[in-house]
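> Each chain, letter by letter, is given below.
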Amino acid sequence: MRHVLRAFALVLLMVAVASSCTTDGSDDRPVVRVGTEGTYPPFSFHDPDSKQLTGYDIDVIKAVAKQAGWRLEFVETQFDAIFAALQAKRIDVIANQVSINPEREGKYGLSSAYTYSHGVIVVKKGTKGITSLADLKGRTTAQSTTSNWSAVAKKAGAKVEGVEGFAQAAALVSQGRVDAIVNDNIAVLDYLNTTGSDKIEIAGNAGDEVSKQALAFRKGDPRLEEADRALQELRADGTLTKISQKYFKADVSAANDGTVDVSGGRKGKSDADTVKDAAWPMLRGLLKATIPITIISFAIGLALAVAAALARLSGKLLLSGIARTYVSIIRGTPLLVQLFIVFYGLPEIGIDLAPWPAAILALSLNVGGYAAEIVRSAILSVPRGQFEAASTIGMGYWQTMRRIVFPQAARIAVPPLSNTLISLVKDTSLLSVVLVTELFREAVYAASAAQIFMPLYTVAALYYWIVCAGLSLVQGRLETRLNRFVAS
Amino acid sequence: MTGPLVRAAGVHKSFGDHHVLRGVDLDVDAGTTTAIIGPSGSGKTTILRSLNVLERPDSGTIRIDDVEVDFATLPPKGGAAGQQIAALRAQSGMVFQAHNLFPHKTVIQNVLEGPVQVQKRPLEQAVDEATALLDQVGLGDKADQYPFQLSGGQQQRVGIARALALKPRVMLFDEPTSALDPELVGEVLSVIKDLAAEGWTSVLVTHEIRFAEHVADQVLFLDHGVVVERGPSAQVIGDPREERTQQFLKRILDPA
Chain A
1 MRHVLRAFAL
11 VLLMVAVASS
21 CTTDGSDDRP
31 VVRVGTEGTY
41 PPFSFHDPDS
51 KQLTGYDIDV
61 IKAVAKQAGW
71 RLEFVETQFD
81 AIFAALQAKR
91 IDVIANQVSI
101 NPEREGKYGL
111 SSAYTYSHGV
121 IVVKKGTKGI
131 TSLADLKGRT
141 TAQSTTSNWS
151 AVAKKAGAKV
161 EGVEGFAQAA
171 ALVSQGRVDA
181 IVNDNIAVLD
191 YLNTTGSDKI
201 EIAGNAGDEV
211 SKQALAFRKG
221 DPRLEEADRA
231 LQELRADGTL
241 TKISQKYFKA
251 DVSAANDGTV
261 DVSGGRKGKS
271 DADTVKDAAW
281 PMLRGLLKAT
291 IPITIISFAI
301 GLALAVAAAL
311 ARLSGKLLLS
321 GIARTYVSII
331 RGTPLLVQLF
341 IVFYGLPEIG
351 IDLAPWPAAI
361 LALSLNVGGY
371 AAEIVRSAIL
381 SVPRGQFEAA
391 STIGMGYWQT
401 MRRIVFPQAA
411 RIAVPPLSNT
421 LISLVKDTSL
431 LSVVLVTELF
441 REAVYAASAA
451 QIFMPLYTVA
461 ALYYWIVCAG
471 LSLVQGRLET
481 RLNRFVAS
Chain B
1 MTGPLVRAAG
11 VHKSFGDHHV
21 LRGVDLDVDA
31 GTTTAIIGPS
41 GSGKTTILRS
51 LNVLERPDSG
61 TIRIDDVEVD
71 FATLPPKGGA
81 AGQQIAALRA
91 QSGMVFQAHN
101 LFPHKTVIQN
111 VLEGPVQVQK
121 RPLEQAVDEA
131 TALLDQVGLG
141 DKADQYPFQL
151 SGGQQQRVGI
161 ARALALKPRV
171 MLFDEPTSAL
181 DPELVGEVLS
191 VIKDLAAEGW
201 TSVLVTHEIR
211 FAEHVADQVL
221 FLDHGVVVER
231 GPSAQVIGDP
241 REERTQQFLK
251 RILDPA
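Residue numbers (the numbering used here), protein chains in the order written: chain A, 1 to 488; chain B, 1 to 256.
Some clues are possibly wrong.
Now the in silico label distances, taken between C-beta atoms and shown as ranges [claimed, not checked]:
#, chain 1, residue 1, chain 2, residue 2, range
1, A, C468, B, G140, 46 to 52 Å
2, B, G79, A, L478, 36 to 42 Å
3, A, S381, B, G16, 25 to 31 Å
4, B, P4, A, S381, 39 to 45 Å
5, B, G16, A, G350, 48 to 54 Å
Counterexamples of contact, computed for chain B against chain A with all Cβ distances above 10 Å [what the hints assert, rightly or not]:
#, residue
6, R22
7, D65
8, D70
9, G153
10, V170
11, G199
12, D223
13, E242
Some chain B residues near chain A, calculated using beta-carbon distances under 10 Å [to be verified]:
#, residue
14, A86
15, R89
16, N100
17, P103
18, K105
19, T106
20, Q117
21, V118
22, P147
23, G159
24, R162
25, L172
In short, the hints are calculated from the structure, not lab data. Bear in mind the structure is a predicted one, so any value in this text is a computation, not a measurement. Glycine is no exception: its CB is placed at the ideal position from the N, C-alpha and C atoms.
Bound-form chain B, shown alone (with noise of 0.2 Å):
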């Protein structure tokens, strides 16, 4: 497969009289990171969402890796459409803005029903592989301790390991600081961050803007459902060209 590793093209996606996604264009090459901003009511989170089709869009194609789907063409309902639908979402990882951990599962039971019930891996394999994921995300001493029992930052990470261990092409990130405590951010941003420096591919939803210009190699500026401004991080949120990119940068950077 030559080209980007993740390709949305055209996508459109209305919720009632509300066209939130106004053919919504995105590339993501293999081993970078990618961030989206842009208002509240922009369509970010809905683009992201549409990648694994946790939002179905209504019309434009989504490819990750070797899978594609064609929402124009897709039937409504039925086993095919389901079996397109799960393939593509297995390219993916998702993480939460509200972490979404499985309440009755311990730290390592959320980390192993992934790869154990859905993929069936070998049990043993399973929890090695979970382990290090775990210590890879500094929580290698709870692994038996209830998501109740963490604090914010903590189950926003099991989040990301839990994702992780499915091994996917792509990990999605919708806005997952915004619903933490201020002085619990970095500690999740800074996962985020070694997993862009092992190569892993991502894309992010994030108000962070200083850490998306420094650790996204890519960021897109989306308002009212269209790509305003795209380009490298420092450019787009250094340097942007649009107007409206400059406005809302100016707000969010400097409130006062």
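Chain A extracted, bound-state conformation (with noise of 0.2 Å):
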């Protein structure tokens, strides 16, 4: 017990540690926490060399910063969770290449637009007879569902299937899954030059469809004003062409004719270079973030779940009413959506937690839900008769539950166990959607700049059944050494 006790009150000082990690205080200009993706080039992404988040928002969120006097600070998210997380006040604008419609506009502070690109209609390379957004009609598109081009392939009659990013929908339309997908122009021109795909092309222009994408900001926040004033100034004084031209060889800052060059000084790497330079960054996500937060998580999960187990079998009925209740919610909804509860639902209510907190705090409900009936059904199978010798030499309940019933607990609650822990350290691949920059996070930064996926992916999979192969291994000691008091 005493162990226990020693572990818990460690790992609440580290939660506490981590929470309280802020940047210094010297530089009293104001933070501006930006919200963006990291993995949207030429936007938003990590330089494969330098790994330093870089690309067009990115200089022009800075460029916005300089101007207006303030200290940002980068918050790096997938788009599915950016705008909650703005909503949630974990961000307070997002550069994104946010496109401007109307139902934004009614939900957001909009700030006027630093970027104009052209609806593009990408195809099968080879395709014929569809060219203009009329020949959609009855066709099947791939669309992010959450963007503009999604609204614009439905008004002209296709029918759309919802996909996450630009690499997914290409390959559906090169394995010939779907007809066709609507998407702008430096979006697609950014994927042919950095895949060198030539499996897909672009057929033709969406009508005369612009797009154009701001910073949004949470309704009523002032430095809107701040921020629109800014960009009126780096306008103005060419700032704004400049950061243009660097990425895109040409002015899409303001209204223009759609030609760009996405290449923007990046240059193609080999398969090999890629992995070689991300291997390093996916293993230090994996030392760093990945394996602390599933001990920490496991370390409390399993005080809980023993807690629950004890409440269950204590025999009044408001204890195991509660754990019941507990262990019901957690079995029943799925861990990504207790995450997006805990870290995106619970500051509504005033809890504002810091991405490792709330990761830990997640995932160690979800393993003692998980665990407290591995634990309840072990401590069942300890005979009657071992509590009633215990409670004869004079033991009192947790003498008892310490020194005979868990020992003998444990043997049965291994191998299930196990299986949790190994569960959860694959678990905490969803980590990414609230902000831990672990093992999976580092393969998708580099996968999206570089715009190849089964070689990084792999190498992930390949370090996770590492470190799981590696617990199996331990799994199979520990039983040898708990089967020691058993007769073979």
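Put the two chains together into one complex, using the hints given.
Take a look at the structure:
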């Protein structure tokens, strides 16, 4: 018990330290937190060589900050969670090619546009008969559901398949599973440039549809005005044009003819180099996030599980009811939903946790729910006579549990608990949605910058497999040790 | 304290509708051995387990030495009730039919658990005493084995040493040889006999009628939750007065 308490205190301390680690206060400029994907070249991505966050949107927001006198903190999150993060006040502004549409204008504070892009229609190379929006009637297109282009395709009479990101859409088109994609020319050209793909091509313009992208604030945020003023000044002094020229060899910061060169000085790298460069950041993500979060969450989760199991076995109606409800909720809801509730939901009722504590809280609760039933059945497997023998030599409840019951229950519980632990290692890959830069997030960064997937995700899989295989080995040795007092 | 060392008076116990003990009285003098015999279902194990409250009587009093609990007035739960029960329980040592040794602890760890963890006695002294106890039950060479490595008779003798280690006022034996192969019964009975000779106070539930006749000072015959006959062992077993006792003994001693 002392060990458990000590471990628990240590964990609490670590959580406290992790949550109090904010940047130093020597700089008195107001801090503005910028939400961006970091996986969306050439707008927001990590330079493959320097690993620094860079891109058109990043340069624009940095120029705006300089003009407005802000200090920036970048928060990287996936696009699907980015508006939730803005509403939950985890970020103050989105710099990630947010397209202007009436719905968003109603909900958020949108700045003036700093990107103008044209819609293009993308098809499998050699496809005949699709050159304009009119040709899309009755065809199937692949679109990001939250994007404007999805609405454009629907309006043209196409059936829309929802996808996550352009790379996935491109794969569907080249495999012939859908007929076309409607997207903005810059993203498409960037994809063609970085992948060198000859499987898809631009078949024509999507009408004269122009998409405008802007910075998004919360409604009523006074910093929107500062941003607009800064954008106006940057446009006037040519800074925006300069940034645009750097990435596109054209000025997309104003209405334009759609001719852009997206190579942007980014040179293609071989798959081998990409994997080699990404292997270390992925290992770092594994060592600095995946493994510590797994250990801490498992320790707290196990303590919760023991508490819930003892509550259910207590025979006290209220206690066992609470434990039963807890287990039922955890096992009956997806981990991803639990993560979103803890990270994006709780701030709305005033509980604002930093990414690490939020991740650890959600994972611990999840582990506790699953392990509670394992612990309970393991305790029930200890014969009644053991409890009686302990009480006849004068042991109290806790002493009996600690010295007599738990050691015997452990033998039964170790194999299923090992399964829980191994699942937990893999479940940490979901933490990228709550802004924890762990192993898989690093893989996603590298894959999106280089637009290659198979080798990088394979390396990520290999890392997970090595950790889990190691855990299985430890499990085997632990089982041998716990079986020493049982006739074989 | 004058009078008997153990006194149970008017003990009643029901399991649901089943009235198992119907007012059992029991006196045990210090330094004597009492055997409780009777057909299965007679309540003999229940009265023994009532003496250390593994079964909690519905009413009646139980006193061992200077600790007395009145179950009619004992609160159903709470710290005060728990303390009274613990105090009574600390007066006795229990040997189970199915030994109930702690399988994850070695023989000597089983014996040390009570003295060191519960009574907080100094380890060195406790180890010396535990070693002496194991020698006494003939298992001095098995101290570092796990229970599963021992025979049934050896396991039961460890169980006796574990109970003795707490230096209880009275030893309780619940059919200590019923689960054993016949050739292992003797070694356990001989340990119990030695304890009687040394002056330990014991209460023993048993089917070994001949053993009870030779070793016990007092024998109680229980049937349907009441004491049908009690007295010196030579009288109750050798010359029973009650018809039910006679029938039971005839059945068990001359089964053909």
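> Could you tell me whether the CB distance from C468 (chain A) to G140 (chain B) stays inside 46 to 52 Å?
Hint holds: Cβ distance 48 Å, inside 46 to 52 Å.
> With chain A as the partner, please determine if P147 (chain B) meets the hint condition of a C-beta pair closer than 10 Å.
holds (8 Å)
> Are R162 (chain B) and chain A close enough, Cβ to Cβ, to be under 10 Å, as the hint says?
holds (7 Å)
> So E242 (chain B) supposedly isn't at the interface. Is its beta-carbon more than 10 Å from every beta-carbon in chain A?
holds (33 Å)
> Does the Cβ-Cβ separation between P4 (chain B) and S381 (chain A) fall within 39 to 45 Å?
holds (42 Å)
> Can you verify the interface hint for N100 (chain B): is its Cβ closer than 10 Å to any Cβ in chain A?
holds (4 Å)
> Since R22 (chain B) was said not to touch the interface, does its Cβ keep a gap of more than 10 Å from each Cβ of chain A?
holds (24 Å)
> Should the hint that V118 (chain B) touches chain A count as held when the rule is a Cβ pair under 10 Å?
The hint holds - V118 (chain B) has a Cβ within 10 Å of chain A, the shortest such distance being about 4 Å.
> So the hint says 48 to 54 Å: do the beta-carbon atoms of G16 (chain B) and G350 (chain A) match that?
Given range 48 to 54 Å: holds, Cβ gap about 52 Å.
> Does K105 (chain B) pass the interface check with chain A, least Cβ-Cβ distance below 10 Å?
Hint holds; K105 (chain B) Cβ to chain A Cβ min 8 Å, cut 10 Å.
> Let me know if the C-beta of Q117 (chain B) comes in closer than 10 Å to any C-beta of chain A, holds or violated.
Nearest chain A Cβ about 6 Å off; hint holds.
> Just checking, D223 (chain B) versus chain A, shortest CB gap more than 10 Å?
Non-interface label stands for D223 (chain B): nearest chain A Cβ at 26 Å, farther than 10 Å.
In this structure, none of the earlier numbered hints is contradicted; all agree with it.
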